[in-house]
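**Q** Protein chains in written order, with this note's numbering: chain A, 123 to 306; chain B, 17 to 398.
It is possible that some hints are incorrect.
Not the full set, but computed from the structure, chain B residues with beta-carbon under 10 Å of chain A [stated by the list, open to error]:
| no. | residue |
| --- | --- |
| 1 | H18 |
| 2 | T47 |
| 3 | T193 |
| 4 | Y222 |
| 5 | L306 |
| 6 | S307 |
| 7 | P382 |
Computed list of lysine to aspartate or glutamate pairs in DMTMM-like fashion (alpha-carbon distance at most 20 Å, straight line) [unchecked claim]:
| no. | chain 1 | residue 1 | chain 2 | residue 2 |
| --- | --- | --- | --- | --- |
| 8 | B | K314 | A | E265 |
| 9 | B | K318 | B | D288 |
| 10 | B | K283 | A | E181 |
Just so you know, the hints here were simulated from the structure itself, not pulled from any lab data. These numbers were taken from a predicted model, which means no experiment stands behind them. Ideal Cβ placement from N, Cα and C applies to all residues, glycine included.
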Amino acid sequence: MMHYQIRVSGFGGQGIILAGYIIGKGASIYDRSNVSFTQSYGPEARGGACSSQVIISSEEIDYPHVTDPDAVIIMSQAAYARYGKNLKPGTFLLTDSDLVKVDPEDLVNIKHFSIQATKFSEDLGKKIVANIVMLGFFTGITEMVSREGMLKAIESTVPSKMFDINKTAFEKGLQEAEKAKVAV
Amino acid sequence: MHGEFFMNGDIACAEGGISGGCRLFAGYPITPATEIAERMSQRLPKIGGVFIQMEDEIASMNCILGASWGGVKSMTATSGPGFSLMMENLGLGVITETPCVLVDVQRGSPSTGLPTLVGQADMMQARWGSHGDYEIIAISPWSPQEAYDFTIKAFNLSEKYRTPVLVMTDEAVGHMTEKVTILPEDKIVLEPRRKPPLPPDKFKLYSYDEKNIPWAPNAGDGYRIHVTGLTHDERGYPVVNAETQNKLVRRLVNKIRLNEKEIADYKGFYMDDDPEIVIVSYGITARPSLSVVRRLRKKGMKIGLLKLNVVWPFPEDVIRKIASIATSMFTVENNLGQVSIEVERVNFGRCPCFQIGHAGGEIHSPEEIIKEIEVSLKNGHR
Numbered sequence: 123m124m125h126y127q128i129r130v131s132g133f134g135g136q137g138i139i140l141a142g143y144i145i146g147k148g149a150s151i152y153d154r155s156n157v158s159f160t161q162s163y164g165p166e167a168r169g170g171a172c173s174s175q176v177i178i179s180s181e182e183i184d185y186p187h188v189t190d191p192d193a194v195i196i197m198s199q200a201a202y203a204r205y206g207k208n209l210k211p212g213t214f215l216l217t218d219s220d221l222v223k224v225d226p227e228d229l230v231n232i233k234h235f236s237i238q239a240t241k242f243s244e245d246l247g248k249k250i251v252a253n254i255v256m257l258g259f260f261t262g263i264t265e266m267v268s269r270e271g272m273l274k275a276i277e278s279t280v281p282s283k284m285f286d287i288n289k290t291a292f293e294k295g296l297q298e299a300e301k302a303k304v305a306v
Numbered sequence: 017m018h019g020e021f022f023m024n025g026d027i028a029c030a031e032g033g034i035s036g037g038c039r040l041f042a043g044y045p046i047t048p049a050t051e052i053a054e055r056m057s058q059r060l061p062k063i064g065g066v067f068i069q070m071e072d073e074i075a076s077m078n079c080i081l082g083a084s085w086g087g088v089k090s091m092t093a094t095s096g097p098g099f100s101l102m103m104e105n106l107g108l109g110v111i112t113e114t115p116c117v118l119v120d121v122q123r124g125s126p127s128t129g130l131p132t133l134v135g136q137a138d139m140m141q142a143r144w145g146s147h148g149d150y151e152i153i154a155i156s157p158w159s160p161q162e163a164y165d166f167t168i169k170a171f172n173l174s175e176k177y178r179t180p181v182l183v184m185t186d187e188a189v190g191h192m193t194e195k196v197t198i199l200p201e202d203k204i205v206l207e208p209r210r211k212p213p214l215p216p217d218k219f220k221l222y223s224y225d226e227k228n229i230p231w232a233p234n235a236g237d238g239y240r241i242h243v244t245g246l247t248h249d250e251r252g253y254p255v256v257n258a259e260t261q262n263k264l265v266r267r268l269v270n271k272i273r274l275n276e277k278e279i280a281d282y283k284g285f286y287m288d289d290d291p292e293i294v295i296v297s298y299g300i301t302a303r304p305s306l307s308v309v310r311r312l313r314k315k316g317m318k319i320g321l322l323k324l325n326v327v328w329p330f331p332e333d334v335i336r337k338i339a340s341i342a343t344s345m346f347t348v349e350n351n352l353g354q355v356s357i358e359v360e361r362v363n364f365g366r367c368p369c370f371q372i373g374h375a376g377g378e379i380h381s382p383e384e385i386i387k388e389i390e391v392s393l394k395n396g397h398r
């Protein structure tokens, strides 16, 4: 039985909710798993600490909230303080290394990988695709959603004239994931 | 549009309205129901429908009643404070027997309460919120897919029983995104408007069939249409006396109450072996409840879930049957005691009944439900 709980977190405005939505769409519509996607709603989604949650399962999903994540993506220090601690052993913790300073004590038995997602997106000329770089990294590291499914979900979600840069961003994240896995 | 979509419960509800035949939406924006109005404003003009943002919820409810008499299937959507404002004209819809759909995306309450967070505390308002004696139909989805399916169902019930139908969804379902299958138009079964069996010169507007349900000519079809909120006779003319009142109000109540078994819709989970413990729940709260049942079944407990799809009229038969077999019943809902009162009433002392309530703001966690079940089974009634 496959059952993944995933949390994406950061500042409102970084595309945290969109990132969770794309993971969910890729897993649901294209990988054909059962998926529930929930999100912060209200002022926090438009500024402060923001999170979105995805459950992917081979079984019918009853309780729709993430309680004990198997993968956590973190793109701000405030989100790290809230969601980066007391993770269960074996959890994937993915951080933007320029935005999140991790505490080594939190990393015992945790599969921690970091990427300069925001910097790479700036190199591409579009800071708003940092979330998509992170999605590529997430896909490559965790393999919880297929690459094809994720790419189709991106294509059917972002404006068509923006697809190319998003695809490049996604692939950059995938490449970095391969490097990071070799390094481990 | 049809196929598989990854969409939230609000948008699925709007799509359900469109699939259900809705071609006029009148509403006023309110969190967490705004996405329904937003979707309708984008979709309806492209398919020959009309979207109107009204000046408030009172006018919105009136507008959909008028549209329905004009022959167009119509709906509105709101949340707690707007639902309160719609109550007077919901009663107008009930007494004029106007098919239409009212969606309440419930949030934390009373008053403005928790605009962005979940609640299920409008259930008794749905049942009794407008003044006077009446019965209403209210259905409650637990997922975006059901928000779609049940909104179609709401339109069909409203035509079949000639009454406003309430879709009692909530913020958690409204803002949760899951896969939703939208059917092609030719695969959707729609209940047609009940055309009069007689020509205009032989027909009375509020004549009715053996199930107490009147026919439904539209204004402009050539029939004499006189619609009033006053107590009226079969012609639709005001007759303000006890005799007419007795006949009309009894029929309004009976057309729902006597057809309750036909309207009833519920789903049992792990109910086949007549479990000792039965949870009754509806809407989003049935999901943590199902999680609880699955967990406790693994520990060997004989427990099942009855999920109410149609909450009003209350499915008395099935509750009575369960109450005479089970050793205890739990009503799990996101309020401090509403549908649980009905479960207790119908249970009538057959077995101990408990409510596992919540004041709103979040859905129950499975752990807190399990804890309350354990405490109640140990301590019995307070």
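**Q** If a hint holds in the structure, say so; if it does not, say that too.
**A** Now for the hints, and whether the structure bears them out:
no., hint, result
1, H18, "violated, 14 Å"
2, T47, "holds, 8 Å"
3, T193, "holds, 4 Å"
4, Y222, "violated, 45 Å"
5, L306, "holds, 4 Å"
6, S307, "holds, 4 Å"
7, P382, "holds, 6 Å"
8, B/K314 <-> A/E265, "violated, 30 Å"
9, B/K318 <-> B/D288, "holds, 11 Å"
10, B/K283 <-> A/E181, "holds, 19 Å"
Comparing the model with each earlier hint shows violations of hints 1, 4 and 8; every other hint is respected.
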